[in-house]
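Following the hints, position chain D against chain S.
What follows is the residue order along each chain.
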Amino acid sequence: MKRAAAIMLALSLALGLNGCGSGLTIFSNYRRLENIELVRTVTADAEGGDITATVYSDAGKESDPRMYQRTASSIGVALGELQLMALGRVALLSHTENMLIGEELAAESLGECLDYVERYSEMRLDTGLMIVREGTARELVSGLSGPDAPSSDVIKGFADNISRAGQGYVFSCREIIASLCENGYALAMCVAGEKAEDKLFESRGELDIRPRGLAVLTAEGISGFLDDEETTGALLVLSKYRSKDMDIPVGDTVVTLDLDGFETQVRPVFDREGALRGMKIKLHVSANIINLSGTAEVSRRDYRERAQDELSRELREAIEAAVGRSQEMGIDFLDLRGFAARAEPIKLQDMPGSFEEALPDLEVEVTAESSIRRTYDIMDPPQTAKDKEVKNPWENLIESLRDS
Amino acid sequence: MGKSDRVTERQLRVLTFLCLLSPMIRILPSAAVMFAGLPAWISPVPAFLLGLLYVKTLNLLTGSAPEGQGAAGMCVSALGPVAGRVFCIVCGLWLTFYAGFVARSAAERLLATVYPNGTNAVFIVALLLGAAFTASGMAKTLSRAAEVLMPIILGVAVLVILSAAPEMSVDRLLPVTYRDCARVLYGAAPIFDVLTGFCYFLFLRGFVSRPRGIRPNHFPWLAALSLMAFAITVVTLGTLGDSLAETMDNAFFMVVRNISVFGLVERVEAVVVAIWIVTDFIFLSALLMIVGEIWRTVTGATRHAVFSVPTAVLSGAAAFLIAGNAFELQKWSDFIIPITNIVFTVVLIPAALAVGKIRKKY
Numbered sequence: 001m002k003r004a005a006a007i008m009l010a011l012s013l014a015l016g017l018n019g020c021g022s023g024l025t026i027f028s029n030y031r032r033l034e035n036i037e038l039v040r041t042v043t044a045d046a047e048g049g050d051i052t053a054t055v056y057s058d059a060g061k062e063s064d065p066r067m068y069q070r071t072a073s074s075i076g077v078a079l080g081e082l083q084l085m086a087l088g089r090v091a092l093l094s095h096t097e098n099m100l101i102g103e104e105l106a107a108e109s110l111g112e113c114l115d116y117v118e119r120y121s122e123m124r125l126d127t128g129l130m131i132v133r134e135g136t137a138r139e140l141v142s143g144l145s146g147p148d149a150p151s152s153d154v155i156k157g158f159a160d161n162i163s164r165a166g167q168g169y170v171f172s173c174r175e176i177i178a179s180l181c182e183n184g185y186a187l188a189m190c191v192a193g194e195k196a197e198d199k200l201f202e203s204r205g206e207l208d209i210r211p212r213g214l215a216v217l218t219a220e221g222i223s224g225f226l227d228d229e230e231t232t233g234a235l236l237v238l239s240k241y242r243s244k245d246m247d248i249p250v251g252d253t254v255v256t257l258d259l260d261g262f263e264t265q266v267r268p269v270f271d272r273e274g275a276l277r278g279m280k281i282k283l284h285v286s287a288n289i290i291n292l293s294g295t296a297e298v299s300r301r302d303y304r305e306r307a308q309d310e311l312s313r314e315l316r317e318a319i320e321a322a323v324g325r326s327q328e329m330g331i332d333f334l335d336l337r338g339f340a341a342r343a344e345p346i347k348l349q350d351m352p353g354s355f356e357e358a359l360p361d362l363e364v365e366v367t368a369e370s371s372i373r374r375t376y377d378i379m380d381p382p383q384t385a386k387d388k389e390v391k392n393p394w395e396n397l398i399e400s401l402r403d404s
Numbered sequence: 001m002g003k004s005d006r007v008t009e010r011q012l013r014v015l016t017f018l019c020l021l022s023p024m025i026r027i028l029p030s031a032a033v034m035f036a037g038l039p040a041w042i043s044p045v046p047a048f049l050l051g052l053l054y055v056k057t058l059n060l061l062t063g064s065a066p067e068g069q070g071a072a073g074m075c076v077s078a079l080g081p082v083a084g085r086v087f088c089i090v091c092g093l094w095l096t097f098y099a100g101f102v103a104r105s106a107a108e109r110l111l112a113t114v115y116p117n118g119t120n121a122v123f124i125v126a127l128l129l130g131a132a133f134t135a136s137g138m139a140k141t142l143s144r145a146a147e148v149l150m151p152i153i154l155g156v157a158v159l160v161i162l163s164a165a166p167e168m169s170v171d172r173l174l175p176v177t178y179r180d181c182a183r184v185l186y187g188a189a190p191i192f193d194v195l196t197g198f199c200y201f202l203f204l205r206g207f208v209s210r211p212r213g214i215r216p217n218h219f220p221w222l223a224a225l226s227l228m229a230f231a232i233t234v235v236t237l238g239t240l241g242d243s244l245a246e247t248m249d250n251a252f253f254m255v256v257r258n259i260s261v262f263g264l265v266e267r268v269e270a271v272v273v274a275i276w277i278v279t280d281f282i283f284l285s286a287l288l289m290i291v292g293e294i295w296r297t298v299t300g301a302t303r304h305a306v307f308s309v310p311t312a313v314l315s316g317a318a319a320f321l322i323a324g325n326a327f328e329l330q331k332w333s334d335f336i337i338p339i340t341n342i343v344f345t346v347v348l349i350p351a352a353l354a355v356g357k358i359r360k361k362y
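The listed protein sequences correspond, in order, to chains S and D.
Just so you know, this note's numbering puts the end of the first sequence at 404, numbered straight through with nothing missing.
Just so you know, this note's numbering puts the end of the second sequence at 362, numbered straight through with nothing missing.
Hints should not be assumed to be uniformly reliable.
[Said to hold, decoys possible] Here are the simulated DMTMM-like cross-link-like pairs (lysine to aspartate or glutamate), alpha carbons at most 20 Å apart as the crow flies: (1) S:Lys280 / S:Asp208; (2) S:Lys347 / S:Asp332; (3) S:Lys280 / S:Glu357; (4) D:Lys56 / D:Asp193; (5) S:Lys240 / D:Glu67; (6) D:Lys56 / D:Glu67; (7) S:Lys195 / S:Asp153; (8) S:Lys2 / D:Asp5; (9) S:Lys282 / S:Glu365; (10) S:Lys195 / S:Glu182; (11) S:Lys282 / S:Glu357; (12) S:Lys280 / S:Glu369; (13) S:Lys347 / D:Asp180; (14) D:Lys360 / D:Glu67; (15) S:Lys240 / S:Glu357; (16) D:Lys331 / D:Asp193; (17) S:Lys156 / D:Glu266; (18) S:Lys280 / D:Asp171; (19) S:Lys240 / S:Glu363; (20) S:Lys282 / D:Asp171; (21) S:Lys282 / S:Glu263; (22) S:Lys347 / D:Asp171; (23) S:Lys347 / S:Glu273; (24) S:Lys240 / D:Glu266.
Just so you know, the hints here were simulated from the structure itself, not pulled from any lab data.
Pulled out of the complex, with its shape left as it was, chain S reads as follows (with noise of 0.2 Å):
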């Protein structure tokens, strides 16, 4: 009888918490299903001393995309007005994609942006982070939404696929936030509008979005802005890439050459006193050949030995010229102090003064390797092991011979 009382009471207690209709609830931030707008993607620029916050909401097909704006003095206000008051519905923030944010604003205050990201319970972290040029993020992202293709949807294209298109990479904030907080600086992608010519349907929106590079980012803001070569070469020592597509001049031949497979070692060099004099970066880059401009045999060995040669030639290049901005700029972009930490982690804490200091006049020596797997030649098809293991000894050499 008394259980069942104490069951009683507990259970009338737990009725009068629902939120039903009486507002007697413990869920301080319930929100009703219908009067929900899902955000997917959130832009922020600057306005005079003021930041304006843009989000756009279109997550079903069904219904039309909807933008709020909203302007205040710092972006966790204009975000707080906009998902109470946004045309009488809640904004919600929980499943935002990607965060667009204005050059002007990431030079005066992205870390108000990312310390916002990092303090709403809201918002994720792994919420991509992109830095738009030539223009501002509203202006872009609003340029992209057409009727049949919403803006977020571009725009999560764009994320997903950059790295794959070897365009880019788009680094989430909590790559940023933590890269911030470990060693100072992070790399941020950026972005810009262009009018999109090649208009394929008319439901498309009037821009297109296209890589702008990367941003080096530090405690203060933008330190500086890396051009195609250089951001080719800070992926791929940070093993940033999934694959690219390389055109490549070989004799009168240009040959396209699929990347599919990076690796990257980079060590340390010091000297016997122990001084930090240097560092080699060795790559390893396997490809493949999808396409042939001109006439060529491309099952020859020397002639994809010669592709081979260019091929790393291009992307020793490509990491010199990241190499040489870091030291240019006195900034570690490219994680160098990480990978001589994790090989020699005593002789770094035992060198003289700080990597920091060491930088710029470090002696950086890149290799480049590469690797061609397959030609897609339908007269050269892969080997298998077993054709390997079958072919006689006497052929494989009459046929080296007649390569050479």
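Okay, now just chain D, sitting in the frame of chain S:
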């Protein structure tokens, strides 16, 4: 305590494990990183070894005590009726205060992570009300509940940790060299501090029915708790890095917030919140029961249940008065509570038990 209210040695160990999981997931990895920095992920290993040594020592001190006698009874017989009772009152007051701190921490954690616009009073009152209700029941009910909940909690925790693991990078956990040994040991201090909470559960030893000749095996629960500490620290540091993890109040929760399983399952932090609430609730209930058992020994009452509600009220008062805001509470959490806890669990209570052992009182 009635003869019908008996728990097995295993049930008490499961209860201990589940209760200590609560402070473990509250302090980690921030506390360990604060002391050790990057090598904090190795700290659970020495903490486990120290914990094993500590538990073995306490077992040596209390192993020959008669069945039905808890640590409170041992202290009274060791120090004499007056000094022993005074000592028990001090322990009881500390644990009442500690229960208030646990309730307040649980409430603040929910406010910081899930209910930013809420008030802590709702959570403190609800937790203490439920805990008082449970603590006034039988020890075997609480232990059985812990036994039932443990596989669920462990299963969910393992799933969450495995889901978070793909985001981590081994590079963030390195380098660690022999020079970091001292830091690793510093990092073990807060984890060991949690493991010493085992001492409080000696007060419930009177409920344990022990078959003669069988020594309790404490290795599994200590190993499981240390493994959990290791997994939480490794995943958090491997995902966020030590610098960022140190600055966050709930770094592991931040990692969980980012979990995405093939883009199909996202925002699974609710399960972590569930783990918090369940372990906090069990821990609070156990603390109130321990305090009730101490008061029962001091007053000579027949049942511990009558003390649950007054203890919960006192703990509630402590929870509200302990700190004006989350920043003040953090100071308590970082310094005062761990140090006081160590003083009781490593110095005062073992010393009292050692006196009894030397005087051959049990």
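Here is what the structure says about each hint:
Simply put, S:Lys280 and S:Asp208 have alpha-carbon atoms about 39 Å apart, too far for the 20 Å limit, and the pair is violated. Of the pairs offered as hints, the one joining S:Lys347 and S:Asp332 holds, with about 19 Å between alpha carbons and a cut-off of 20 Å not exceeded. Between S:Lys280 and S:Glu357 the CA atoms are separated by roughly 18 Å; this keeps the pair inside 20 Å, and the hint holds. With a C-alpha separation of about 16 Å, the suggested pairing of D:Lys56 with D:Asp193 holds against the 20 Å cut-off.
Taking the CA atoms of S:Lys240 and D:Glu67, the gap is near 64 Å; set against the 20 Å cutoff, the hint is violated. For the hint linking D:Lys56 to D:Glu67, the alpha-carbon distance of about 19 Å falls within 20 Å, and the restraint holds. Restraint check for S:Lys195 and S:Asp153: the C-alpha separation of about 18 Å stays at or below 20 Å, so the hint holds. With a C-alpha separation of about 19 Å, the suggested pair S:Lys2 and D:Asp5 falls inside the 20 Å cut-off, and the hint holds.
Of the supplied pair hints, the one linking S:Lys282 and S:Glu365 holds, its CA atoms being roughly 8 Å apart against a limit of 20 Å. About 39 Å separates the Cα atoms of S:Lys195 and S:Glu182, which puts this hinted pair outside 20 Å; it is violated. Of the pairs offered as hints, the one joining S:Lys282 and S:Glu357 is violated, with about 23 Å between alpha carbons and a cut-off of 20 Å exceeded. Simply put, S:Lys280 and S:Glu369 have alpha-carbon atoms about 14 Å apart, close enough for the 20 Å limit, and the pair holds.
At most 20 Å may separate the alpha-carbon atoms for a hinted pair to count; S:Lys347 and D:Asp180 meet this at roughly 14 Å. With a CA separation close to 16 Å, the supplied pair D:Lys360 and D:Glu67 stays within the 20 Å bound. At roughly 27 Å between alpha-carbon atoms, S:Lys240 and S:Glu357 are farther apart than 20 Å, so this suggested pair is violated. Only pairs whose Cα atoms come within 20 Å are accepted, and D:Lys331 paired with D:Asp193 is accepted, the gap being roughly 16 Å.
A distance of roughly 17 Å separates the Cα atoms of S:Lys156 and D:Glu266; the hinted pair therefore holds under the 20 Å criterion. At most 20 Å may separate the alpha-carbon atoms for a hinted pair to count; S:Lys280 and D:Asp171 meet this at roughly 18 Å. The hinted pair formed by S:Lys240 and S:Glu363 fails the criterion: a straight-line CA distance of about 24 Å is larger than 20 Å. With a CA separation close to 18 Å, the supplied pair S:Lys282 and D:Asp171 stays within the 20 Å bound.
The hinted pair formed by S:Lys282 and S:Glu263 meets the criterion: a straight-line CA distance of about 8 Å does not exceed 20 Å. For the given pair, S:Lys347 sits about 18 Å from D:Asp171 by alpha-carbon distance, which is consistent with the 20 Å threshold. This hinted pair checks out: S:Lys347 and S:Glu273 have alpha carbons roughly 10 Å apart, not beyond 20 Å. Between S:Lys240 and D:Glu266 the CA atoms are separated by roughly 24 Å; this puts the pair beyond 20 Å, and the hint is violated.
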